[in-house]
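Engineer: Whenever a hint applies, use it, and build me the whole structure from the sequences.
These protein sequence lines are chains P and H, in that order. For the first sequence, position 269 matches number 269 in my numbering, and the numbering has no gaps at all. For the second sequence, position 28 matches number 28 in my numbering, and the numbering has no gaps at all.
Keep in mind the hints are simulated off the structure, nothing from the lab. Predicted model only: the values in this text are computed from it and were never measured. Accuracy of the hints is not assured; some may be wrong.
As the list claims (entries may be wrong) - Listed next, with one range per pair, are the computed distances between beta-carbon atoms:
{"#": "1", "chain 1": "H", "residue 1": "P89", "chain 2": "P", "residue 2": "I277", "range": "23 to 29 Å"}
{"#": "2", "chain 1": "H", "residue 1": "R178", "chain 2": "P", "residue 2": "V82", "range": "42 to 48 Å"}
{"#": "3", "chain 1": "H", "residue 1": "D201", "chain 2": "P", "residue 2": "T164", "range": "37 to 43 Å"}
{"#": "4", "chain 1": "H", "residue 1": "G19", "chain 2": "P", "residue 2": "N92", "range": "32 to 38 Å"}
{"#": "5", "chain 1": "H", "residue 1": "G19", "chain 2": "P", "residue 2": "P87", "range": "31 to 37 Å"}
{"#": "6", "chain 1": "H", "residue 1": "S54", "chain 2": "P", "residue 2": "T162", "range": "36 to 42 Å"}
{"#": "7", "chain 1": "P", "residue 1": "T164", "chain 2": "H", "residue 2": "A3", "range": "32 to 38 Å"}
{"#": "8", "chain 1": "P", "residue 1": "L63", "chain 2": "H", "residue 2": "S69", "range": "40 to 46 Å"}
{"#": "9", "chain 1": "H", "residue 1": "R63", "chain 2": "P", "residue 2": "G220", "range": "52 to 58 Å"}
{"#": "10", "chain 1": "H", "residue 1": "Q129", "chain 2": "P", "residue 2": "P87", "range": "38 to 44 Å"}
{"#": "11", "chain 1": "H", "residue 1": "A3", "chain 2": "P", "residue 2": "A64", "range": "54 to 60 Å"}
Every residue gets a Cβ at the ideal spot worked out from N, C-alpha and C, and that includes glycine.
So you can see what is in the structure, the chains are spelled out below.
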Amino acid sequence: MLIEILQQTINGLAIGGVYVLIALGLTTVFGILGIAHFAHGSISMFGGYLTYFLATSQGLPVLAAIPVALAAGILLGVLVEVLAYRPVRNANHINAFIVALGLTMMVEGINLQLFGHEQVVIPTGLSRVFRFGGITVPELRLYVIVAAIVLVVAMMIFVERTKTGQAIRAVAENRDAAILMGVNVRTIPLIVFGMSTALGVAAGIMVGALFAIAPGIGEGLVVKGFAVLILGGLGSFPGAILGGTVLGITESIAAGFISSAYKDVIAFVVMILVLLIRPQGLLGRAP
Amino acid sequence: MLAVRDLRVSYGGIEVVHGVSLDVAAGECVALIGANGAGKSSTLKAICGLVPASGGAITFEGRDITRASGHAIVRAGITMCPEGRQVFPQMSVIQNLRMGAYTRNDSEQEADLSRMMDMFPILRERQSQAAGKLSGGEQEMLAIARALMARPRICLFDEPSLGLAPKIVASVFETLARIKAMGMTILLVEQNSMMALNLADRAYLFEAGQIVMEGAAGALKNHPDVMRAYLGH
Numbered sequence: 001m002l003i004e005i006l007q008q009t010i011n012g013l014a015i016g017g018v019y020v021l022i023a024l025g026l027t028t029v030f031g032i033l034g035i036a037h038f039a040h041g042s043i044s045m046f047g048g049y050l051t052y053f054l055a056t057s058q059g060l061p062v063l064a065a066i067p068v069a070l071a072a073g074i075l076l077g078v079l080v081e082v083l084a085y086r087p088v089r090n091a092n093h094i095n096a097f098i099v100a101l102g103l104t105m106m107v108e109g110i111n112l113q114l115f116g117h118e119q120v121v122i123p124t125g126l127s128r129v130f131r132f133g134g135i136t137v138p139e140l141r142l143y144v145i146v147a148a149i150v151l152v153v154a155m156m157i158f159v160e161r162t163k164t165g166q167a168i169r170a171v172a173e174n175r176d177a178a179i180l181m182g183v184n185v186r187t188i189p190l191i192v193f194g195m196s197t198a199l200g201v202a203a204g205i206m207v208g209a210l211f212a213i214a215p216g217i218g219e220g221l222v223v224k225g226f227a228v229l230i231l232g233g234l235g236s237f238p239g240a241i242l243g244g245t246v247l248g249i250t251e252s253i254a255a256g257f258i259s260s261a262y263k264d265v266i267a268f269v270v271m272i273l274v275l276l277i278r279p280q281g282l283l284g285r286a287p
Numbered sequence: 001m002l003a004v005r006d007l008r009v010s011y012g013g014i015e016v017v018h019g020v021s022l023d024v025a026a027g028e029c030v031a032l033i034g035a036n037g038a039g040k041s042s043t044l045k046a047i048c049g050l051v052p053a054s055g056g057a058i059t060f061e062g063r064d065i066t067r068a069s070g071h072a073i074v075r076a077g078i079t080m081c082p083e084g085r086q087v088f089p090q091m092s093v094i095q096n097l098r099m100g101a102y103t104r105n106d107s108e109q110e111a112d113l114s115r116m117m118d119m120f121p122i123l124r125e126r127q128s129q130a131a132g133k134l135s136g137g138e139q140e141m142l143a144i145a146r147a148l149m150a151r152p153r154i155c156l157f158d159e160p161s162l163g164l165a166p167k168i169v170a171s172v173f174e175t176l177a178r179i180k181a182m183g184m185t186i187l188l189v190e191q192n193s194m195m196a197l198n199l200a201d202r203a204y205l206f207e208a209g210q211i212v213m214e215g216a217a218g219a220l221k222n223h224p225d226v227m228r229a230y231l232g233h
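Structural biologist: Here it is as structure tokens:
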């Protein structure tokens with residue numbers, strides 16, 4: 001029983017890492033621009049597809065395809081900010097909302113046109129399995145967990161320890177005061193979209209390597225990402241990290257002990273229960 | 001140093017500043033006084049680039065900054081300590097102070113940081129606390145220290161006494177007097193006209209978006225109209 005729980009927890013950490021990466025991107029964009037960036041999941045999947053395409057049709061090693069996909073993701077994120085969101089920045093909130101929905105459909109359509117509707121798996125060739133006592137850990141899963149931790153730590157260091165990171169926080173907390181500190185509030189959103197999309201593409205690659213990429217996966221992921229934000233507490237980085245991990249482990253345990261068909265239902269029931277007790281989320285501040 | 005000529009500011013097509021001209025010389029402390037809604041704060045915000053000027057010109061050290069963006073104006077040497085303090089509430093006191101030095105690349109930032117905390121011992125005591133947890137008076141001190149961290153050539157203060165208890169107001173003005181004594185050029189907007197006129201060298205009296213009187217602070221303080229309308233005599 002204990003072994004089984006530990007096993008499912010390890011499994012849950014991998015998918016939890018994906019949720020955390022998606023949620024951190026969403027919360028940073030929301031904090032700076034007040035935009036619910038629904039297209040985030042589909043753009044992340046674009047990065048996953050691109051990695052698959054480069055690794056298969058172009059014959060690139062996966063490790064070489066990943067940086068190319070990350071770079072393409074950053075570029076795409078910056079373009080999305082400049083071309084789609086910036087023009088509606090000072091307009092009514094519903095405008096950005098509609099833009100975000102339209103963008104999701106567009107990116108899904110682009111994915112479909114470029115990469116087709118077949119489900120694809122990124123061929124990593126990582127098939128070893130480590131055993132610790134009675135627990136089995138496929139090496140791919142372990143690398144995904146480690147990569148997710150490294151990315152999260154890197155992002156926290158960037159936000160907490162660098163001038164640009166602090167400027168991002170300052171803009172999120174008080175835009176006018178940030179201007180008075182000399183922060184260029186036109187370049188900050190570019191950095192935020194670049195960073196968020198890079199994290200998202202990393203998550204998309206992880207999904208493509210661990211499971212599979214197919215049309216609609218990105219949209220499902222963005223819903224989970226927002227669920228994580230609410231579970232963890234809106235606007236809180238530690239909340240997004242805890243929320244994503246909790247959601248991943250809950251799903252995994254639910255799938256292992258009850259049924260994988262019900263894992264999403266159970267995960268959302270747990271989320272609703274948490275919010276009934278703590279409406280502000282796990283680490284959110286009380287209103 | 002700072003010259004404002006025939007400045008006009010509008011919000012949504014409604015003009016609130018109708019052609020204001022004022023000057024601040026290096027080392028001077030100038031106060032803008034007048035009733036609430038007279039256009040004082042809007043004038044400051046236009047100087048800082050937070051709101052666009054709809055007409056007129058603003059020059060700083062001979063450079064036209066009328067259409068410059070907010071961050072460029074800070075880099076030129078103009079810093080504002082805004083109305084309502086506007087600290088970054090979830091960032092710590094020390095992170096707020098470091099944000100004040102955002103535009104700087106020199107090596108003396110840490111020295112300035114400890115200088116600020118010598119000047120405001122409460123900030124040293126509370127350095128790792130979230131700024132939003134400080135009292136109103138402490139937040140005002142933080143906002144002032146944060147503005148000074150930029151090493152501005154001129155520092156603008158927008159209603160520093162607003163919403164503070166009388167005892168705290170007195171200590172805010174003592175602080176401003178110390179900053180003035182350090183040789184800082186100051187442009188101050190303040191509803192508490194008596195305090196402002198006691199501190200300033202010169203003052204401009206605003207009424208309904210225009211300057212109706214200007215002169216040495218002492219002269220304005222003793223002017224019968226000013227006394228009747230703003231000083232409660």
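Engineer: If a hint holds in the structure, say so; if it doesn't, say that too.
Structural biologist: Outcome of the hint check:
no.	hint	result
1	H:P89 with P:I277: 23 to 29 Å	holds (26 Å)
2	H:R178 with P:V82: 42 to 48 Å	holds (46 Å)
3	H:D201 with P:T164: 37 to 43 Å	holds (40 Å)
4	H:G19 with P:N92: 32 to 38 Å	holds (33 Å)
5	H:G19 with P:P87: 31 to 37 Å	holds (33 Å)
6	H:S54 with P:T162: 36 to 42 Å	holds (38 Å)
7	P:T164 with H:A3: 32 to 38 Å	holds (34 Å)
8	P:L63 with H:S69: 40 to 46 Å	holds (42 Å)
9	H:R63 with P:G220: 52 to 58 Å	holds (54 Å)
10	H:Q129 with P:P87: 38 to 44 Å	holds (40 Å)
11	H:A3 with P:A64: 54 to 60 Å	holds (59 Å)
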